[in-house]
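So for the sequence shown, this note's numbering puts the first residue at 155; every next one is plus one.
Hints were generated in silico from the structure; no laboratory data involved.
Do not rely on the hints blindly, as some may be mistaken.
What the hints assert, rightly or not - Derived BS3-like pairs (lysine-lysine); straight-line CA-CA distance at most 27 angstroms:
1) K244 x K263
2) K224 x K263
3) K268 x K244
4) K254 x K244
Claimed, not checked - Cβ-Cβ distance ranges computed for the label pairs, FRET-style:
5) T203 x N223: 28 to 38 angstroms
6) E191 x F214: 30 to 40 angstroms
7) E299 x E213: 31 to 41 angstroms
8) A247 x I271: 17 to 27 angstroms
9) S241 x T203: 37 to 47 angstroms
10) D253 x T301: 16 to 26 angstroms
11) E299 x K258: 35 to 45 angstroms
12) E192 x Q251: 13 to 23 angstroms
13) N193 x T221: 11 to 21 angstroms
14) I271 x G235: 27 to 37 angstroms
15) K263 x S211: 13 to 23 angstroms
16) S211 x E191: 17 to 27 angstroms
In this text the structure is predicted, and so the values were computed from the model without any measurement.
We treat Cβ as the ideally placed atom computed from N, Cα and C, and that holds for glycine.
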Amino acid sequence: LGIFAAFCFCVCSSLSLSVSSAATFVVNVTQSSYEAEENHSITLEWTFTTRPDSCLSFEFMIFTLITENKKVSVLFHEHGGVEVSQSQDKQFAGRVQSDKELLKDGRIKLHVSKLRINDSGLYLCEIQTDCGYGSAACRLIVRGEITK
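Taking the hints into account, I'd like the entire structure generated from these sequences.
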């Protein structure tokens with residue numbers, strides 16, 4: 155019984171440690187919704203809590219689009235500091251860039267160019283670091299191009 159109790163204590167302690175450390179990493183959106191015109195570009199921005207003395211390792215970062223008809227598309231995926239271009243939805247090839255230089259400042263930007271009407275939807279940013287996991291979403295509405 156003593157070994158089992160010690161095992162339970164270790165497992166429970168590590169569970170509470172991972173839960174409390176995960177709560178220290180939070181991702182937020184700088185704007186909850188954006189509007190843009192078709193064929194234009196837009197930059198979406200997220201912020202996250204960062205402690206300069208830790209959270210130095212970004213395990214993965216993924217941006218996805220969820221449309222109103224529930225289609226999920228991967229816009230950008232990075233794992234272990236390396237972009238995983240194979241997972242990117244073909245409709246976003248060559249149209250999406252992520253500004254990773256801002257990571258040390260607790261910010262991340264996603265630039266989408268040549269916007270299309272079907273780019274409208276919920277943009278989700280998910281980040282996993284050595285300090286925990288966080289995610290946040292914002293909405294983008296792409297309107298038809300205004301002719302003059």
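Here's how the hints hold up against the structure:
1. K244 x K263: 20 angstroms, holds
2. K224 x K263: 24 angstroms, holds
3. K268 x K244: 14 angstroms, holds
4. K254 x K244: Satisfied, since the Cα-Cα distance of roughly 22 angstroms is no more than 27 angstroms.
5. T203 x N223: 28 to 38 angstroms: 34 angstroms Cβ-Cβ, so the 28 to 38 angstroms window holds.
6. E191 x F214: 30 to 40 angstroms: 32 angstroms, holds
7. E299 x E213: 31 to 41 angstroms: About 39 angstroms separates the Cβ atoms of E299 and E213, which means 31 to 41 angstroms holds.
8. A247 x I271: 17 to 27 angstroms: 18 angstroms, holds
9. S241 x T203: 37 to 47 angstroms: Violated: the Cβ-Cβ distance is about 26 angstroms, outside 37 to 47 angstroms.
10. D253 x T301: 16 to 26 angstroms: Roughly 32 angstroms apart at Cβ, these two residues miss the hinted range, so it is violated.
11. E299 x K258: 35 to 45 angstroms: 37 angstroms, holds
12. E192 x Q251: 13 to 23 angstroms: 19 angstroms Cβ-Cβ, so the 13 to 23 angstroms window holds.
13. N193 x T221: 11 to 21 angstroms: Distance hint for N193, T221 holds at roughly 19 angstroms.
14. I271 x G235: 27 to 37 angstroms: For G235 against I271, whose Cβ atoms are near 34 angstroms apart, the range 27 to 37 angstroms holds.
15. K263 x S211: 13 to 23 angstroms: This hint holds: roughly 20 angstroms between Cβ atoms.
16. S211 x E191: 17 to 27 angstroms: For S211 and E191 the Cβ distance comes to about 39 angstroms; the hint is violated.
Checked against the numbered hints listed earlier, the structure breaks hints 9, 10 and 16; every other hint is satisfied.
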